[in-house]
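The numbering used here puts the first residue of the sequence shown at 1, with every later residue one more than the last.
FYI, nobody ran anything at the bench for these hints, they're computed from the structure. All C-beta atoms in this analysis are idealised placements derived from N, C-alpha and C, irrespective of residue type, glycine included. Just to be clear, a hint being listed does not mean it is correct.
[Claimed, not checked] Below are the DSS-like pairs computed for lysine-lysine, each with C-alpha atoms no more than 30 Å apart in a straight line:
no. : residue 1 : residue 2
1   : Lys196    : Lys65
2   : Lys196    : Lys47
3   : Lys206    : Lys196
4   : Lys192    : Lys172
5   : Lys47     : Lys65
6   : Lys47     : Lys197
7   : Lys192    : Lys206
8   : Lys206    : Lys47
9   : Lys206    : Lys65
10  : Lys230    : Lys192
11  : Lys206    : Lys230
12  : Lys65     : Lys192
13  : Lys230    : Lys47
14  : Lys230    : Lys196
15  : Lys197    : Lys172
16  : Lys172    : Lys206
17  : Lys197    : Lys230
18  : Lys197    : Lys65
[To be verified] Here are the simulated distance ranges between beta carbons:
no. : residue 1 : residue 2 : range
19  : His21     : Gln135    : 18 to 28 Å
20  : His21     : Ala226    : 13 to 23 Å
21  : Pro150    : Glu204    : 41 to 51 Å
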Amino acid sequence: MTRNNRTIFERPEALYDVVTHYCPGCTHGVIHRLVAEAIDELGVREKTLGVAPVGCAVFVYNYIKTDFLEAPHGRAPALATGFKRLRPDMIVFTYQGDGDLASIGTAEIIHAANRGEKFTTIFVNNSIYGMTGGQMAPTTLPGQVATTCPMGRDVSLVGYPIRMAEMLATLKTPAYIERVASHTPRHIVHAKRAIKKAFTYQLEGKCFSLVEVLSTCPTNWGLTPAEATKWTEENAIPYFPLGLYKQPDEMESD
Numbered sequence: 001m002t003r004n005n006r007t008i009f010e011r012p013e014a015l016y017d018v019v020t021h022y023c024p025g026c027t028h029g030v031i032h033r034l035v036a037e038a039i040d041e042l043g044v045r046e047k048t049l050g051v052a053p054v055g056c057a058v059f060v061y062n063y064i065k066t067d068f069l070e071a072p073h074g075r076a077p078a079l080a081t082g083f084k085r086l087r088p089d090m091i092v093f094t095y096q097g098d099g100d101l102a103s104i105g106t107a108e109i110i111h112a113a114n115r116g117e118k119f120t121t122i123f124v125n126n127s128i129y130g131m132t133g134g135q136m137a138p139t140t141l142p143g144q145v146a147t148t149c150p151m152g153r154d155v156s157l158v159g160y161p162i163r164m165a166e167m168l169a170t171l172k173t174p175a176y177i178e179r180v181a182s183h184t185p186r187h188i189v190h191a192k193r194a195i196k197k198a199f200t201y202q203l204e205g206k207c208f209s210l211v212e213v214l215s216t217c218p219t220n221w222g223l224t225p226a227e228a229t230k231w232t233e234e235n236a237i238p239y240f241p242l243g244l245y246k247q248p249d250e251m252e253s254d
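All chains should be modelled from the sequences, with the hints used to inform the complete structure.
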């Protein structure tokens, strides 16, 4: 977009000019753009490596113009740890969904954070398994319908959804952890700031960083895109409160 011969809005250099494959209303594409913008603004595209896991998030390598490694299900933090230790001069990030990070990958992310590995994790939480058919995830809300709980999540049988940001924030190791959302322009602006801040902490060699982004999944929620936006506001955010949960400055005097 141009105004008075000045460009005020354009595709980030770090984002491929391709047609999205994501379902209508899915905000993975929004989050991809925010990551690409942060990479461009920090001038680190040629020294950035992404790690893609299993699930909808795996296709991030089709959209962001950096080198990528593909990890087995849940193991992106382990792969990121190995590469970052081998090449501490590189900027390394994992891009993971809740079915990946909060389920089979729970131990991986907890121990990476506890060790203070100096990479960045973008954690996309849409409260369901997306690519594999809409099964209940560790973040599926109480009463929420999924293909493996058609009557809604019964917490008396399977427990409550896991709040990853709060869990990781209890670790003593310095880290930057924030939860944001991607369903409205106002939330997107805040999410952009958080993602850029996470990469900045890595540039400074300060700490592990994780930004949890609440995302929509209209297809597997059985909602229209507009309804999914409203559902995020009325259901997801009350259970997964947005905000800053941990920052490295809190530990400097400890």
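Each hint tested on the structure:
{"no.": "1", "hint": "Lys196 / Lys65", "in the structure": "holds (17 Å)"}
{"no.": "2", "hint": "Lys196 / Lys47", "in the structure": "holds (16 Å)"}
{"no.": "3", "hint": "Lys206 / Lys196", "in the structure": "holds (14 Å)"}
{"no.": "4", "hint": "Lys192 / Lys172", "in the structure": "holds (26 Å)"}
{"no.": "5", "hint": "Lys47 / Lys65", "in the structure": "holds (11 Å)"}
{"no.": "6", "hint": "Lys47 / Lys197", "in the structure": "holds (17 Å)"}
{"no.": "7", "hint": "Lys192 / Lys206", "in the structure": "holds (20 Å)"}
{"no.": "8", "hint": "Lys206 / Lys47", "in the structure": "holds (18 Å)"}
{"no.": "9", "hint": "Lys206 / Lys65", "in the structure": "holds (25 Å)"}
{"no.": "10", "hint": "Lys230 / Lys192", "in the structure": "holds (21 Å)"}
{"no.": "11", "hint": "Lys206 / Lys230", "in the structure": "violated (37 Å)"}
{"no.": "12", "hint": "Lys65 / Lys192", "in the structure": "holds (18 Å)"}
{"no.": "13", "hint": "Lys230 / Lys47", "in the structure": "violated (38 Å)"}
{"no.": "14", "hint": "Lys230 / Lys196", "in the structure": "holds (26 Å)"}
{"no.": "15", "hint": "Lys197 / Lys172", "in the structure": "holds (20 Å)"}
{"no.": "16", "hint": "Lys172 / Lys206", "in the structure": "holds (15 Å)"}
{"no.": "17", "hint": "Lys197 / Lys230", "in the structure": "holds (28 Å)"}
{"no.": "18", "hint": "Lys197 / Lys65", "in the structure": "holds (20 Å)"}
{"no.": "19", "hint": "His21 / Gln135: 18 to 28 Å", "in the structure": "holds (20 Å)"}
{"no.": "20", "hint": "His21 / Ala226: 13 to 23 Å", "in the structure": "holds (21 Å)"}
{"no.": "21", "hint": "Pro150 / Glu204: 41 to 51 Å", "in the structure": "holds (48 Å)"}
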